[in-house]
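Just so you know, the protein sequences line up as chains A and B, in that order. Residue numbers for the first sequence follow the numbering used here, beginning at 14 and rising by one. Residue numbers for the second sequence follow the numbering used here, beginning at 14 and rising by one.
These are calculated hints, taken from the structure and not from any lab test. Check each hint, because a few of them may be wrong.
Partial chain A-side listing against chain B, Cβ under 8 Å, derived [said to hold, decoys possible]: (1) N19; (2) G201; (3) L204; (4) A236; (5) A347; (6) K409.
We put the CB at the ideal spot given by N, CA and C, even for glycine.
Number of protein chains: 2
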Amino acid sequence: MMITQNIKRAVQINGNGIATIFNGRQQTWSQFQQRVASLAGALHNVGVQADDRVAILSLNSDRYLEYFYALPWAGAVMVPMNTRWSVDENIYALQDAGVEILFVDDHFLQQAQAIRQHTSQIKTFIYMGEGEKPAGMLGYEQLLRNSQPIPDAQRSDLDMVGIFYTGGTTGFPKGVMTTIKGFQYFAGLLLSQYGISADTRALHAAPMFHLADAYLNLPTTAAGATHVIIPSFEPQVALKNIAEHRVTHTLIVPTMIKMILESPLIDELDISSLRRIIYGAAPITENLIKEAMEKMANVTFTQSYGQSEAVAVTMLNPEDHDPTLGLLRSCGRAAPGVEIQIVDQKQNELPRGEIGEIMIRSPNCMLGYWKKPDQTAKALIDGAVLTGDVAYMDEKGYIFIQDRLKDMIITGGENVYSTEVENALSRHPAVADCAVIGLPDEKWGEIVHAVVILHPDKAVTEEELIVHCRSLIAAYKSPRGISFRMEPLPLSAAGKVMKLELRKEYG
Amino acid sequence: MMITQNIKRAVQINGNGIATIFNGRQQTWSQFQQRVASLAGALHNVGVQADDRVAILSLNSDRYLEYFYALPWAGAVMVPMNTRWSVDENIYALQDAGVEILFVDDHFLQQAQAIRQHTSQIKTFIYMGEGEKPAGMLGYEQLLRNSQPIPDAQRSDLDMVGIFYTGGTTGFPKGVMTTIKGFQYFAGLLLSQYGISADTRALHAAPMFHLADAYLNLPTTAAGATHVIIPSFEPQVALKNIAEHRVTHTLIVPTMIKMILESPLIDELDISSLRRIIYGAAPITENLIKEAMEKMANVTFTQSYGQSEAVAVTMLNPEDHDPTLGLLRSCGRAAPGVEIQIVDQKQNELPRGEIGEIMIRSPNCMLGYWKKPDQTAKALIDGAVLTGDVAYMDEKGYIFIQDRLKDMIITGGENVYSTEVENALSRHPAVADCAVIGLPDEKWGEIVHAVVILHPDKAVTEEELIVHCRSLIAAYKSPRGISFRMEPLPLSAAGKVMKLELRKEYG
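The shape of chain A in the complex, shown without the other chains (with noise of 0.2 Å):
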């Protein structure tokens, strides 16, 4: 069981060095191992057994990163609850992974007493804050102070590791069930891809509740460097933390490459000890990609193209980044270790330069989704993840991303399926029918927009709607703007939406 070795390991080679850098604090290899192990013997105590699911709803800290690794020493599964969604959507989550133990920080506290009240689902809560303990939660720091540490669990290779929860087709989110496998490949792995090594310092700016953040997180505790953890992403927090840290490396999506690039600190601040960005999650402009080599020309550039199913598969190396080689509309080529084919709807092998969809085979591919064997069938044939995205391969190898089939939008890094934020539009009374699209976004990469036929004796206004869906999905799944129409949507022959023409139509 790796990942938890590699925290062993740290402490071997470099007990005294800097593990974590949070909020003015930091903390040692030698003290972040004992607090992981203290918080798996707090498990243990609270009842966790083994492959028990247990949450949690919080920005990003240093406590974060303690319950990332306690989990697995403790022979549990994480369930990290996506930040940004609504309490609807998170008890959804919640029930679906049978999670009765929900760690929380100062930010969701509101939120957490919601949940409470709407389901008696989670038996324990554990306060992570800075503040007061709240009533009725139990005290991160008194249960750590509390607590024997325990010897690591020894997770093997095809044991959950997590529960990480996506979208769906459907409207309903899916779990993503991880292994430890998985993990531990590409923590090896990433040492060599992202240039990782002793002395890296990592800034965590995306949420540590994806699953991109890990593919930083797993390789700089492969190598006991240093992890800079700031909340959440704010571009001048970032480039602070860059400055007064002197971070070597950072993992972020291209909307956040854009906020860093327009914030005016970046001329102001020394940010010469970054060397490498790590992009994806969502496609990039050429025109963006160029700025920040421009503006930010000691850095190297990695994009790594993949989805919860099948994580950063693809490597856009730096030396792909030179701009004479026309390859920057591309994701990439497989990693080492990753089969990636191109393939028709019986699933051949298409030859080079034909589009089809993306078909995977690595070794962290995911187990399947969790309880739902129907849309696993779907989405995994024989061990490789079917990506629903649509692409062709070049004669060298690069992918090029040419559509999706998941009715899906990207925005800022988050996925969003249309049928969610239909179905949310559906349950307003004023609403006959409707149709989600993506509309291109300079900053976003794309926009939530909703097209809306109101019942003939009814009406409601665009921020009524907005106020509606919010209320029932995360604020970053709901329309941005809404088009009322009074003709029918257009349908196809088989009685689809058209999207493609809406997208025109109103793009």
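Place chain B on chain A using the hints.
The following block gives chain B in isolation, referenced to the frame of chain A:
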């Protein structure tokens, strides 16, 4: 099943790139994949089924590399025979592993005929030499021509990839069962640890039957780089190949480093392409590594310690080789993903600085010894390998080997178990008692030395006894020198021969 996937990836990203250079010929990755998949098809055609063991007795060659990948591609298990073993030893291993198919090259045709005379174990000999196909054998190239490429068997993590025979304390060789998982993890990890990338040219100078060489082979294929292969180690041949093919990496044992340094060619040829030498398998003297660093100033060095039961689990990295650090007598620190502890006789971890046995948890720990549950139980404690090597670990995690618990000699990188040599000596009618020890040697690290007591009424010369041994066991295991004595061997209170005393007396 990554080790075959890596071939497919090499074809995908670098299909026209050179995969192998050997004996004046070379082939691209596309050609290599075609031949590997066809060889796998040929194996199916001659009746090989899942998990069947198929052996090879051959010097290094491009075809050896094809065999290495065709076996897992076909879903079968490789059994590489030690090219220096006697006929008796190899027959023991072939029978032990239940092998019915043997690949053999020109160099070992005579031994193959001897094997055929002594046992009917082998049903099919496949001749992989360069000459005329001998009668009663299948021809390698003909098999390839007559077979269709088959799809990769997609082996799973805990499937056996090979059985690798090592000497045994009981006097009989034992087969180390190696998993796909171990190969998979290290193929990815070693890219960073050994600095291997797409432009690497790796020279296979160590014998390919050794697991150590696989640890250069695997990351080289994972990078889609180039294998340069020589039949066996000769310093002039190695140096000429480095110069001619612009080799960047090689993996050799200390004895080979010494032979390279002593070759006049080192000053005549341009070996400036060489960037990294990985060494291990035997202790190195401080003088030798210092001389190597001085004479090859552009080369960086990595030492890896391990044994067949858990290969390459430590790294003494290039920066650790700075002589002022005092680390040249260390074998390095645990590799990322590896947990190493110095333990007492009850496998409890000892404090830093205290001497105990090295215990290893690593993704590449063996599954066990083939059909030897009792010996497996002693060597594999709850998944961790007990090495029999005695060491201490300093405050920074560096491991310093002090002694061996196993009665074993390491000569020129090969392990020789004293029992095996003592058994051979005892079979001579003139020998009444004997003890085999390792004596220090500048070139070989250690040499095998025998202390012999003859029956009072019998006589035999040193030379006769050595010839006798060579008829039974490999030449490198046979004594280099023999000391005859009259008085009894020194015994401990428990009745065991005190070899430390003998080493002092005869060293």
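Hint check:
For N19/A, the interface hint holds, since its Cβ comes within 8 Å of a Cβ in chain B; the closest pair sits about 7 Å apart. Annotation: G201/A was flagged as interfacial toward chain B, and the flag holds, the nearest CB pair being 4 Å apart, inside 8 Å. For L204/A, the suggested interface contact is upheld, since its CB lies about 4 Å from the closest CB of chain B, less than 8 Å. Among the interface hints, the one on A236/A holds; its C-beta lies about 7 Å from the nearest C-beta in chain B, closer than the 8 Å criterion.
Satisfaction of the interface hint for A347/A is found here, the shortest Cβ-Cβ separation to chain B being roughly 5 Å, below the 8 Å cut-off. Annotation: interface hint on K409/A holds; nearest CB of chain B at approximately 6 Å, less than 8 Å.
Hint compliance for this structure: no hint is broken.
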